[in-house]
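*Asks:* Generate coordinates for the entire structure from the input sequences, incorporating the hints supplied.
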Amino acid sequence: MNSMKPINRKARKIEEAVIAVTGDVQALQKRGGEGKVYYPMGCTLNFTPGWEVDVSGGTAGLCQPVERDLFDCYLGCGWPAQVPDHLNNAPDWTDKCASAANDWRKVDIVFP
Amino acid sequence: MSTAAATLTGMPTYRLREYHAFDSAGSRFLYLVPSGAIFALDPLGIEILNRVGEHSLTRKELVETLLAEGYELRHIQAALQELEHSEVLQHGDETVEPPKVPELTFPLQRIVLNVTNQCNLACGYCYEYSADKISKTDGKPKYMDQQVAESAIELLIRESAQRPKIHVTFFGGETLLNFPLLRYSVEYARKRSAEGGKQVDFSLTTNATLLNEEVVDFLSSNRVGVTVSIDGDRELNDRMRVFQDGRGTYEVMLPKIKLLLERHHTNSIGARVTLSAGVSHVRRIYEHLTGEVGFDAVGFSPATANPDRLYHIGPAKMNSILGGFEELAWEYRDYAVAGRQHGFTNASDTLKELHSGISKAYSCGAGLGLLGVGTAGDINLCHRFVDSPVGKMGHVNDGIDHAARQTFLETHHLGARYDCHTCWARPVCAGGCYHEAFIHYGDTSAANLHYCDWIRGWNDLCLRIYGEISVRNPAFLNRFSEN
Chain A
1 MNSMKPINRK ARKIEEAVIA VTGDVQALQK RGGEGKVYYP MGCTLNFTPG WEVDVSGGTA
61 GLCQPVERDL FDCYLGCGWP AQVPDHLNNA PDWTDKCASA ANDWRKVDIV FP
Chain B
1001 MSTAAATLTG MPTYRLREYH AFDSAGSRFL YLVPSGAIFA LDPLGIEILN RVGEHSLTRK
1061 ELVETLLAEG YELRHIQAAL QELEHSEVLQ HGDETVEPPK VPELTFPLQR IVLNVTNQCN
1121 LACGYCYEYS ADKISKTDGK PKYMDQQVAE SAIELLIRES AQRPKIHVTF FGGETLLNFP
1181 LLRYSVEYAR KRSAEGGKQV DFSLTTNATL LNEEVVDFLS SNRVGVTVSI DGDRELNDRM
1241 RVFQDGRGTY EVMLPKIKLL LERHHTNSIG ARVTLSAGVS HVRRIYEHLT GEVGFDAVGF
1301 SPATANPDRL YHIGPAKMNS ILGGFEELAW EYRDYAVAGR QHGFTNASDT LKELHSGISK
1361 AYSCGAGLGL LGVGTAGDIN LCHRFVDSPV GKMGHVNDGI DHAARQTFLE THHLGARYDC
1421 HTCWARPVCA GGCYHEAFIH YGDTSAANLH YCDWIRGWND LCLRIYGEIS VRNPAFLNRF
1481 SEN
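Protein chains in written order, with the working numbering: chain A, 1 to 112; chain B, 1001 to 1483.
Derived from the structure by calculation, the hints contain no laboratory data. Glycine residues also receive a C-beta, built at the ideal position from the N, C-alpha and C atoms. A portion of the hints provided could be inaccurate.
Unchecked claim - If you want a taste of the chain A side facing chain B, the calculated C-beta under 7 Å gives, among others:
id	residue
1	Met1
2	Arg9
3	Lys10
4	Ile14
5	Val18
6	Pro84
7	Leu87
8	Asn88
9	Asn89
10	Asn102
11	Arg105
*Replies:* Here it is in structure tokens:
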């Protein structure tokens, strides 16, 4: 928070609650600084769909916004990805996709 | 544009919600009500609240005003969002959820065993023996026996549900008149708590006149926290704290207190001063008890008394007491900024509550997590009501009267104390002591209106001190996070 600085413990709890509602994801927005190529910070492997960069070093020019949507973001990090519900309703939607880097075209289409 | 006009035209306006603003160490702070959160504001935040405080403004009007003052739009938008979500500003009409009465199964945390209703002193202001006495001890045993103590401890363990820590406090009369039971109870509670997988702590209040090496060593080896009732130096203490033949108690107490302070280092030992009309010299008492007697912690409390009593503290004297509190509190501030501990517990207790951001629905734990037990095993609201017809809540043999307890909790909830609903100090006060209210107004559920100005003055002072410590030595505040 900028205009209000939390001082006591209750204020810090409120700050957490406010950031949870109003905050944004910092990791995808931080730039590398002047003269540096921008690679989004994250926790996935280079060859997992999700962290490719385009020719300019950003993600804006990718053909589709896959950076939020596949395996590691969703399973490993609990990211709110726009993928089928792997836990309850579509547990096998990626069964034909053994290696995401090679088989990503084989993921099932799931209709809600 | 007025609020009414805005509503008619359908445009919501900004309004201020409840908070108490205060300045300290060159910064503006907000104490939010009812959350109890404390925030420091930047200049834009201050400007927004000033503008909205002057008039109710629509978002468009407010943003335009701030843009004209040179603030950037993205900063204004972010600040408004923060102020709204923290409930400092209200945009349009919103309903406020009233606080809720807790569930019936609120677990017990502490019992106070009044191990005797007898005392070897005859202090003028004593609420157990003076004109304001409410307990009816006729037909009740003078001393609690082992069966009652065992049942009370069993009740505590049973009713504490999942709580890992429980507390037993020993009270009287003079607690040490029944030292054999105290010793038995500590051992019994330790054994039963260990079997139940709980940790138990002990504390007691005493007038110190019966302390000896055996007692002190027992208290020390069992880590029993001790509160000593003493009112200052010989002259001040002996005005109210006297034996039954009228002799002062200071001379008898002093060597015994020194013995206690010398041999007991396993738990806190504090002095508790009861202020009355003739004993209100806060600074003098504090310096004597810390400097000459050797206490590390000294707390003050005005005697609970009907206004008709001679020892009752009137408004003028109350102001001078607050002046004394203020002097010690600023000294506390100086110590805290220098990273040193100060023994004025009224300040440290309030600062600790402000640090956690407490927001009370009840003024204390009586009837909620704490219950008092009399010598015959009768359960009551707290030690001050033990053996009184008021606040009765069962018997240790039959268990807690949960219906009576729930009725009490419903009628004494902050939501039912209408006088408090517009007061900014209610998160820390919540209406004040039930016993004080009963003595003053004959009604435990009444808010202690005779203390309102005093409570607000004291909390404002502590907030300013808290704010200053947060600027000048923020690491000191971590001490309040312990426990």
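*Asks:* None of the hints should be skipped; say for each whether it holds.
*Replies:* Cross-check of the supplied hints:
Below 7 Å, beta-carbon pairs count as interface contacts, and Met1(A) has one with chain B at about 5 Å; its hint therefore holds. Interface restraint check: Arg9(A) against chain B, minimum CB-CB distance 5 Å, threshold 7 Å, status holds. Taken as an interface hint, Lys10(A) checks out: its beta carbon lies about 2 Å from the nearest beta carbon of chain B, inside 7 Å. Checking Ile14(A) against chain B: minimum C-beta separation of about 5 Å stays under 7 Å; hint holds.
For Val18(A), the suggested interface contact is upheld, since its CB lies about 4 Å from the closest CB of chain B, less than 7 Å. Annotation: Pro84(A) was flagged as interfacial toward chain B, and the flag is violated, the nearest CB pair being 32 Å apart, outside 7 Å. A hinted interface residue such as Leu87(A) counts as satisfied when its beta carbon comes closer than 7 Å to some beta carbon of chain B; here the least separation is about 30 Å, so the hint is violated. Interface hint status for Asn88(A): violated, as the beta-carbon distance to the closest one in chain B is roughly 31 Å, over 7 Å.
The interface hint given for Asn89(A) is violated, since its Cβ lies 33 Å from the closest Cβ of chain B, which is over the 7 Å cut-off. This hint is violated: Asn102(A) has a C-beta 44 Å from the nearest C-beta of chain B, more than the 7 Å allowed. With 7 Å as the threshold, the beta carbon of Arg105(A) stays out of range of chain B, its nearest partner Cβ sitting at about 41 Å, so the hint is violated.
Hint violations for this structure: numbers 6, 7, 8, 9, 10 and 11, all remaining hints satisfied.
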